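**Q** The primary structure of each chain is shown beneath.
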Amino acid sequence: MKRSLVLVAAAVLLAGCSGGGGGGTTSQQSSGGAPAKVTLEWWHLSTAEPLKSLWAQRAKEYMAKHPNVTIKATVLENEAYKAKLTTITQSGKAPDVFASWGGGVLKQQVDAGLVKDISADVADVLPTFTPAALSAYQLDGKTYGLPTDIGLVGFWYNKKLFEKAGISEPPATWSAFLDDVKKLKAAGVTPIALAGKEKWPGHYYWAYLALRIGGLDALKQAAVDHDFTKPDFVAAGQQVKALADLQPFQKGFLGAAYSTPDGQSATVSNGKAAMELMGQWAPSVQKDSGKGLGDDLGFFPFPAVEGGKGSIGDAFGGGGGLAVGADAPKEAVDFVKFMTEMGNHSKAVESGGVLPVLKGEESAVKDPNLKQVATLLAGATGYQLYLDQAYPPAVGQQVNDSVAELIAGTKTPEQVGAAITEVAKSEAG
Amino acid sequence: MTTLTKGPEALRRLPAPSPAVRHRGRGVTIALFLLPALVLFLMLVVAPMLVAVYASVFRWNGFGGLPTNFIGLDNFTRLFSSEIFAQDLWHLLVLVLLSLLVQLPLSLAIAMLLNQRMRGRAVYRVLFFAPYVLSEVITGVLFSLILSPGSGMANQVLRVFGWESEWLADPATVMPSLFLVMTWKYFGFHMMIYLAGRQNIPNELIEAAQIDGATGWRTFRHVTLPLLGPTIRISIFLSVIYTIQLFDLVWILTGGGPSHSSETMAVTMMDWGFKRSQVGYASAISVVMFALSLVFALVYQRFVMRRDLEGAMTSQGGRS
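Here the protein sequences line up with chains C and R, keeping their order. For what it's worth, the working numbering labels the leading residue of the first sequence as 13, then goes sequentially. For what it's worth, the working numbering labels the leading residue of the second sequence as -16, then goes sequentially.
One chain only, chain R, in its complex shape:
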């Protein structure tokens, strides 16, 4: 990216500075083009968010106009003393750790493999990326059939080797099974990001390392990996945010069960909001989810991605 900045810098001088009038005209056009999207954004994103924050301090079953029964922070105290919510947070932690320690390294390894010259490379790339294109619901239905304890394909194959599992039907194995499905669905996505990142690394650097006598592993460890840093950091960011909001897959696969052992915050929220009609309480969960995502995003960007973002700023500034 940084090597590119010089080119656009030269380009920028080409159009002469526009007169003030034309600038204002452009501003109006921009505003008009932005308006529809902005209105939609306000209506469909900002307004529901504000309503959720408002509803979270009421006891409200969601029916009939706006809530009236103000109960202060009761929903939040109830939430923080709830065993199920504590479990949700624990599940979040487990899934984040598994993603960071297993899923992303796996994606990285496959990306590195697929970066080599080999036959059918394009086919593999497409195959591995394909699960990401499927919707979460389809993935969920597919895997609830495959992992069905009785007649599911997974067990039929495993029985040949004298082994079987209850997969999603056993509180002890449900989390690993869920993680398996998540990994199947998302490793291709992260693989693609890494592959793109890897191809941005100039081959000269790799060659230089090799000339200096670095082995394959050392080249990877000291040249490729550090240069992939920004890519890895953004993929970790995406992975964590996704896990905080994880819903569809769990809802279809297990509904959060057996007995809450795979429940996530979003599933708990759905349960209370739409099955039990305690929308005030469900709103409190959504507010906490939002706060969690926001705090993570801010802290992560401030301390981890700071350098990457600065880079992005300068290259963008250089281009426009």
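Isolated chain C (complex conformation):
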């Protein structure tokens, strides 16, 4: 009697263990009759307003239209999002709908068979998107996601603090930029806020300088021949070092995060630093993390480097988009299309949360700074995706890591090139 009880208990425990492993999110589609209940797992990283509420609103509307669909959103902050998505994809699953930057990371997920090829499903809407926005989601002629945002990285600056330092207009060349940094320092203003703890904001400097000095082709070529030791890359490193040597960053920047209350964004937002090099989401994160600068916030593109092969019209940045998991139900694709419909997406553009990805959506941009970004983007002579997304993860992270060491002063420009090359070769070999 006792023993059989024990047996039952053991069996129940075991069943509990094996049951937990499966975790399917969708019930089977029944053929014919009313559509079966479907739950969509949707992962994204828009933790700041206005997108946070807007996306939730869209999901609600979609559920109202399709009563059989339940959308379960998981919203995580950038770093946490990357970590959790990597963990779940390595376990062999992807969420039904998930935010993706496209590029090398998406390619790795595609190669592992985790992402659905939605080329046929979205063929009817593809022509409505701008090619620049789509490019990160199209690999080998197939479409693996639809963009929700596209923009570029540039300097967001505090007009008042620039005035205080006697700078009448934003710098157009790198040497003028370095001069302005000196002027700001002389006026007692911290020139630049940087999140040194999170390494991705630092890599923007090196990547942009490489883009300006070596040109777009140099970065594309490096992805193929895995050689980051060429003179142009070393020169880019030397300029990062030249900037870092001026000690332009806020106190304790090596330990600062991006969006925390004492992070990079808040430092600019509260007027404690004159500028930050950041993407199109900078204004909304600033509003979220600090007081916000209001009309004092201005934007200027990354300056040209004298004698460089790249032009000031070459843009570096990225956007965001939604990819669909390989095992997702067909409603997932439908939801992604719904999110990127003109009527729905333009509301997000109007709110200033994202930039236009659809043709003819430009008029919806209200904010003058974002309008400038959109105009620059429309006239861009070339486009480079963030290096930590464009290259395979190991290489991208090494770029972030090495540039962080360069800025901290523990590595030389030559060592940075060599370290990235070593990882790029190890990944390719």
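Keep in mind that a hint or two might mislead.
[To be verified] So, partial list: chain R residues that the calculated Cβ filter (under 7 Å) puts toward chain C: (1) F46; (2) S134; (3) A137; (4) G240; (5) Q261.
Because the hints were derived from the structure by calculation, they are not lab data. Predicted model, so just to flag it, every value in this text is computed and none were measured. Cβ coordinates follow ideal geometry from the N, Cα and C atoms, glycine included.
Here the structure of chain C is known, so what remains is to put chain R in place on it, guided by the hints.
**A** Frame of chain C, contents of chain R only:
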């Protein structure tokens, strides 16, 4: 402990030797009760360990089934020539030495203080033990706020005295700052162990020493300390094993930075495994970590804790 062994010895004779059948019945029951835990242990501990060992000899990004690209010991040669891994080992050494030379003596001193008769003794004990109850993540978030160079509480207080530090944001001060947080979190734990150890020392011995004219310090040095030996040895053991595997606190506080100056082996492993998708290489790091812990545990138990463990064996044998 040794004084207790005689009691249970007498107790053991009470139940008559059971018949063989009943013994077998008990064996089956034991096996059944053990089975769920055993299955969980095999699935969640042993199996991942074996997979890690297997993966460590492959180039593998962690995606799609089992790895296929066999590269022998390349991951290990790469690891042993890696500057970052060498730094990890150096950080381990620094933290272990600091723990042994500062944290544990401090805990011991506080334990001795709290063993005296004094007002509010229980309150102090609870207060000092409280940080250990907090999770490492909460501790990490708490201290990243306190130690924030700009508006953190630590600097606001220190500025009153005309001094400030960049704490975790400066490669030169990050290790001491990290150690400070570790100590804050763990001294209460070691204090509690020592306190328990101290209370196991019969007061007669202390009194005898005092009658012989030993001063407070000499009583501590020649009576209390030697009798605390087994307790101290186990606390050193726990401290070192913890430091080898140190992860959560560092991950939250610094992420291993600035520029790797506070990175530990576990942080490096996380970085390569989950941020860079080189799971084969990350597995190699985990294997080395495991080997390090194992070798330390075996050597330490064989040579340092040998007598203590023998004691444990006999008292256990006496009891059952």
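**Q** If a hint holds in the structure, say so; if it does not, say that too.
**A** Do the hints match the structure? See the list:
no.	hint	result
1	F46	3 Å, holds
2	S134	6 Å, holds
3	A137	12 Å, violated
4	G240	6 Å, holds
5	Q261	5 Å, holds
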